Amino acid sequence: MVTLNVNGRTVDVNAAPDTPLLWALRDELKLKGTRYGCGAGMCGACTVHIDGQATFSCQMTIGDAAGAEITTIEGLSETGDHRVQQAWIAEQVPQCGYCQSGQIMRAAALLANNPRPSRQEIVDEMSANLCRCGTYPRIIRAIERAAQEG
Amino acid sequence: MKVHTRHPTRRGFLKGSGALSFALLATGSAAVLPSATEAQPLPDGRVTAWVTITPDNRMTIMFGSAEMGQGVSTSLPMIVAEELDADWSTVASEQVSTDPEGVYGNPMAGGILFAAGSSSVEGYFTYLRQAGAQARQILIRIAGAHWGVPPEEVTTRQSTVLHEPTGAVMTYGEVAALPDPVWPSGEMPQAELKLRADWSIMGTDVERLDIPGKTTGAPVYSIDVEVPDMLHGALLLSPVEGETPTLNSDTDARAVDGVVDVIVMDHAVAVLARSYTAALAGRDALDVRWTETSPFRKANSADELAALAAAADDMSADAVVWESRGGDQAAFSSADVVTGTYTTEHVYHAQMEPLNAVASVDADGMGAEIWLGTQSQTASIMIAAAVLGTTPDRIRFHAMQMGGAFGRRTVFAREQMRDALLLSKAAGRPVKLVWTREDDVKNGWLRPATVQRLDAALDAEGYPTALRHRIASPSIFQFAMPDRWNPETRRDLLVMEGAESSDYDFGTFQAEHVLVPRRSRLSAWRGIGWAPNCFARECFMDELAERAGIDPVSYRRRLLAGSPRALAVLDAAVAMSDFGNPPEGRAHGIAFAGYKKTLATGVAEVSYEGERLRVHRFWTAIDPGIVIHPQAYRAQVEGGILFGLSSVLRERSTFTKGQIDQSNFYDYEPIRISDIPEIEVRFVESGEAPSGGGEIGVPMTAPAISNAVRRLTGESQRRLPFVTGS
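First to last, the sequence lines map onto chains A and B. Residue numbers are given in the numbering used here: position 65 of the first sequence equals residue 65, and the series is strictly consecutive. When you read off a place in the second sequence, starting at 1, and then add 1000, the result is the number in the numbering used here.
Source of the hints: derived by calculation from the structure; they are not laboratory data. Predicted model, so just to flag it, every value in this text is computed and none were measured. Positions of the beta carbon are idealized from the N, C-alpha and C atoms, including for glycine. Any given hint could be a false lead.
Quick partial rundown of chain B residues pointing at chain A, CB under 7 Å, derived from the structure [as the list claims (entries may be wrong)]:
hint: 1; residue: Ser1334
hint: 2; residue: Gln1351
hint: 3; residue: Leu1642
hint: 4; residue: Gln1662
hint: 5; residue: Tyr1666
With these hints in hand, go ahead and build the complete structure from the sequences.
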């Protein structure tokens, strides 16, 4: 049993401390918006915020996550109207959508830490996350839009 | 492919009130039905709702092609809504999961539910327009009868029926709510379709219906499905195709907390557990030995590439003629023939959602409920029925949104969904079977390598009088769709399509396929045959132009002179890129490429930063006939160009002794955001019927980049991925 703080709530997870946070979120807490893509910290589909920092949830155990503020895509905004989410709609970013929770979480953390990132800073930060459909050009535009509107 | 237009031969209506459903009958015509809550089946049960209108004036339109990111959940309903004169803001769409009556299938895919090869809009276009137009006519007739006015005087606008002489107006929702509507009777005539000038939905950039949900994590992919009492399954798959396991011990696996069962299958050992992490831990603890007798133990990708190169050069090798024009085959034996040889290596799909399937087999073992992200609902249902030895009506199928597909999810059900079914049947409980990324990489159905040899006999100016395009490759079709493979004709469209080069006039022309035995599992990959085949041909065109001392645009213009559509996209791409005038230190390269009826030209602007190839900009002009949903089409083109770029820079699967050498994204890494160029897409509409957009970005990209690199460095890149790429 591990106690976590997820999306502002304290929850008990009935799993061993070495369980990857990704699988605890998905299968124990039923927060399915955080996706499994590689389990190796290579694709970023599982990106969540740990104390505000974009983190691969497949690479962190729930034991290590205990005590931290964990935010998933479900907790990013109450009604899906975070400025990054709005910019994602305005730029019509997603195709299959599978990687997009992770992309949005990384973009939101970037803007929280650096409200006016340069294009190069956007590219450097977002290089952690893969998108196989090829939505990259729209991801850049959406982050630039969210930065301007933020 | 032939597009069948279906004509109404049977109609029927149900008594009742409430929501109206426009039914697509077994024969494909539209009729109107009341709400499902009060609906009674027609005497023969043959009705299927296509559009449902509810009294609150909202509308749900079904779509048959499976959504994998290409946007059919919006573009196909747009076609229906246009002819129905719907208010788009009231429209929602819903995936078709099953089609027992064969009414939702894609006419271009033999009438089955099958989304592949950029065929959805092209295949459904005429059919959905008719369905929408007929549904509109039915609304007009109901309203006319209600008002006691002739239907000819009733018009529609924005989900509203109007009778201008009396000022009578009803929303479609109010028509749906009529307590006792008078149903039109008799055969509905083929409805008149709108003129393009009157379109208000098609050709506009409406927002995709699926995007808001995809920004909140809400979509449910099959990997997210939860069923009560469900077990999680992980497989220890045979390391080499065709081998059988012997279980030395499962004691340690069963000792893992949460593991429920270990089941030996003919090609795998399955661990079923209460959580996926427990299933993986149990799998790690298995002690299994394999037969190690598979002939694929001798399969090496390096050997395959060598065999393909030898086959392409061996003129005595058996070759299947794919296309032949003109008759002077002797031209290829003359002394003045110029030859170019091009190679494409094996590639993996790398769709972001690893393959998975959820199955719940009925207690009698003769039926099942299935949740699957598949490019073909129909094929999956047929496979499921065959696995259980039952009939398709016993399969309750849920087609799920896919986390990417790119050709990998066409018929994969025959392996993975089969396994989920067998495990659920054995366990007596629902099972979710998930491949890890490593399973997905190592058990990929690869696009095979090709070696392509082009021979051209040239006239005094350096233009071809004869050209032969000879492609050595295993057959994808024979492996992926063996039941449809014709061993007499051996025509493999998944390998060969695009090699016909039908827009070019080469004088005598022949495309031929030298079949080589497969050494790996195979499937089509985004761009299908067009990607490798256009790569080879377009690199060769540039090399011939250079040899002739003619610029690559003029050279192509002369050879494409008989295809006005080809010239239009070529000229547009040249203009938009200011082709041939790159900034200092960079070079431009051009390629003309099609995908089925869609034509395109791409221009790449490249440079080298040290050893690193950079593609700075990419321009493309595309003629897809008519564009139904421009912003989504543009997104497909951007994605296709980036897929093509990824194949240039670093995508390569290799295998040794029957085992794929790569494991995960650390050794099979598609391009990242740091690799992308600025992309500019321009449509050059010819006004032909709309053709697809999912593949068209891919075939032009690699040759345009290769031709740019040759201009920059003087060295030809004749291999994918590039030898010096990245």
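Hints violated by the structure (numbers, ascending): The structure conflicts with hints 1, 4, although it agrees with all the remaining ones.
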